[in-house]
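Once you've looked at the hints, dock chains B and C against the given chain A.
Below, each chain spelled out in residue letters.
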Amino acid sequence: MELPFFYLFSVGIIGASILMVTRANVIHAALLLVLTFFFLSGVYVLAGAEFLAVVQILLYAGGIMVLYLFSIMLMSVDVAVRLRQFHRQTIFAMATAVLLALEIWMVLSRGTSYPAFKSFGWGIGATPGNVEALGSVLYTQFLFPFEVASVLLLAAMIGAIVLAKRTIDR
Amino acid sequence: MPQEYLPILILLALATGFAVVNLGVSFFFGCRRPTAEKDTAYECGIVPETNARGRFSVKFFLVAMLFIVFDVETIFLFPWAVVFRELGGFGLAAMTPFMLLLIASLIYEWKRGALEWD
Amino acid sequence: MIAEIIAATLKIVLVLGVVSLVVAYLTYLERKIIGHIQMRLGPMRVGWHGLLQPIADGLKLFLKEDIIPSRADKIVFVIAPIMVLVPAFVVYSVLPFGPNFYITQVNVGLFLVLAVSSLGVFGIVMAGWASNSKYSLLGALRGAAQMLSYEIFLGFALIGPLMLAGSLNLQNIVQAQSDVWFVFYQPLAFIVFFIAALAETNRVPFDLPEAETELVAGFHTEYSGMKFAFFFLAEYANIMAVSTVGIAVFFGGWKGIPGIPLPGLVWYLLKLGAIIFVFIWIRATLPRYRYDQLMRIGWKFMFPLVIANIFLTGLVKLLFL
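From first to last, the protein sequence lines stand for chains A, B and C.
The first sequence lines up with residues 0 to 169 when you count with numbering that gives the first Met the number 0.
The second sequence lines up with residues 0 to 117 when you count with numbering that gives the first Met the number 0.
The third sequence lines up with residues 0 to 320 when you count with numbering that gives the first Met the number 0.
Just chain A, with the same shape it has in the complex (with noise of 0.2 Å):
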C-alpha cells in the first residue's frame, strides 16, 4: 500500500534534486530544495517518523531555506552565477560522486542486516506515538547529547551575531 506512495516520493526527490543541481537562477534552484525537502518528509512519514517529517518542515523549509535566501539576497549570489566558475573541481566532484554512490550500494546490498539497524531495538515505525517514544527517550537515555546541542546553539549564536556586528560597525 505505501509502495506506490514511496515511488513517487523518490522519484520526486530525485528529479527535484537534479533539477536544482542543474539551474543558473540560484532562486529556482532554493525553491526546488524546499520541494525536495518536501518529499523527503514524505518519505520520513512513511518510515513512521512524523514527528523528523515536520521538524523537516518547520526547520529545513521555514528557516533554513528562508536564511539562504536571505543569503542570497544580500550577495546578489544570482548576478555572479552566470560565469563558468569552479571547473577545476569536476575531478573532485567525479570522485565523490563514485565514492557515495559505492557507500550507497554497500548499505543497499546488506539491507536490515546491518549492526546499527539491531542496536537500538526499534523497527522502523514500531512505536505508535512518536513523540511519546522520542521525549521518553531523549531526555533520559540521550540527556547528554541534548545539553550539548545546547551548548552547540550557543556557540552557533554568538558566532553569528560576532560575524554580523562586524559588518554593521564597518
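Everything labelled a hint here was simulated from the structure, so no lab data went into it.
Take these hints with a grain of salt, some might be off.
[Claimed, not checked] Chain A is faced by these chain B residues, among others (derived, beta-carbon under 7 Å):
# : residue
1 : V57
2 : F66
3 : I67
4 : L86
5 : A93
Computed from a prediction, not measured in an experiment: that's the story for all the values here.
Note that the Cβ used here is the ideal one computed from N, Cα and C, for glycine as well.
Positioned in the frame of chain A, the structure of chains B and C alone reads:
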C-alpha cells in the same frame, strides 16, 4: 500511522490544483494589454533609477539566524512538554541547563545590541 | 482503502468550500463591522445591505488584467501567491471543528500547524523578490522578519498548555480541557499567543508589511488580479486557522459550558465568531506599531515573559497538580 497523513497529501494536491486552475482561468478570461508604463515597477510615479536588487542590511540575516537557533530550541521543547508528566522533576531539572544556556544567548544578543533598531 | 480516500476527498472538498466562502464573507464582515464602529454603514449597495459584495469583489479580481512587471522573475512571480495560499489551506487538515468533525487527526497535529504556517514566510519573501521593486523587497523582508520572530513566540506560548495536555494531537488537547479550559490555567500564555497570532497574520497593530500608507503596499505592490486576491484569501484563511488553533488549545475547542445542550460544532462557531470579532475590533481601534517597536516588544518583552511562563508552569505542575 502513515494512513492518517493521506488526507493531508490530498488536501495539498487539491489546494495547489485549485490555485493553479484559478490562475489559469483568470489568465484566459482577463484582458491582456501590456504597455510600457504598466510593466515597470511602481515607484510613486517616478521612473525607477537603480536596480532593486542592491545590497541590504545584515539585520535581516541576523533575525533569520536567531529564528533558526530558537526554532531548534522549540523543537527540543515540544517533545519535552508532551512527556513532562512522565518525566516529572527530573524532566524540569534536565531542561533547566538547556533553557539557561539559551537564555544566556538571548542575554548576549541583548547586550550586544543585536535586538536593536530592527 | 479506496472508500477511505473518497471519504477523505469529500470531507476536504467540503471544508475547502466552506472555508473559501467564509473567508470571502469575512472581508465583507470586516468592512461592515469597521464601518459601524466608525459610525458609518459599510457596503450597502450590492445586494441587500451589501451581502453580495464579496461576490462582486471576487468577480472583479477574476476578470482584471494580469500585469507582470517586465523585469520580474516570471516563474517565481507566479509561484509566490500559490506558496502563500496553499499552506494557509493545508493547516485546516488537522484542525478539530467538532467531536467528529475533522479531516484527519495526526499525532503531531499542533506541530504540523506550526510547521505549515512557517511556510507562509517563504511565499512572502518570494513575492517581494520576484517583483523586482525596492518597495516590494523591503516590505517582504520586514514582513518575513516580523513573521519569523513572532512565530517563535507563538511556539513557546503553546508549550505551556502542552505541558498540561500531554499530547500534540489537537483532539486530545481539546479532550484534556473537559473540566477547565486552559485559558484559566495559562492566561499569560494566551495573551502572548494572541499577540503573536496578530503579528503572524499581519493584522493591525502589526500590519506594517502590507499597510497601505507604508511602502506603497509592501510585498504585494506589483500584484494585480487573481494573484492579489490570493494574498488576501491566504491572510483571512490564516486568521481563521490561527483562531481555531487558539480555540482548540485555550478555549476548549468544541466543548461547551455544561448545562446548555448545543452540538460541538455550534460552540466552536460561536467561539470563532467571538475571536474574529475581537480581531476586527482591534483593527478598527489600534494604531500601527513602528517596525523597531514591533521587534523590540517581541524580543525584549514577550520572549522573557513566555520563557518565564514555561518555568512557572513546570514548577506549579510539579508542586501542586
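Structure-based check of each hint:
1. Interface hint status for B:V57: upheld, as the beta-carbon distance to the closest one in chain A is roughly 5 Å, under 7 Å.
2. Hint status for B:F66: holds, given a least beta-carbon distance of 6 Å to chain A, under 7 Å.
3. For B:I67, the suggested interface contact is upheld, since its CB lies about 5 Å from the closest CB of chain A, less than 7 Å.
4. Hint status for B:L86: holds, given a least beta-carbon distance of 6 Å to chain A, under 7 Å.
5. For B:A93, the interface hint holds, since its Cβ comes within 7 Å of a Cβ in chain A; the closest pair sits about 5 Å apart.
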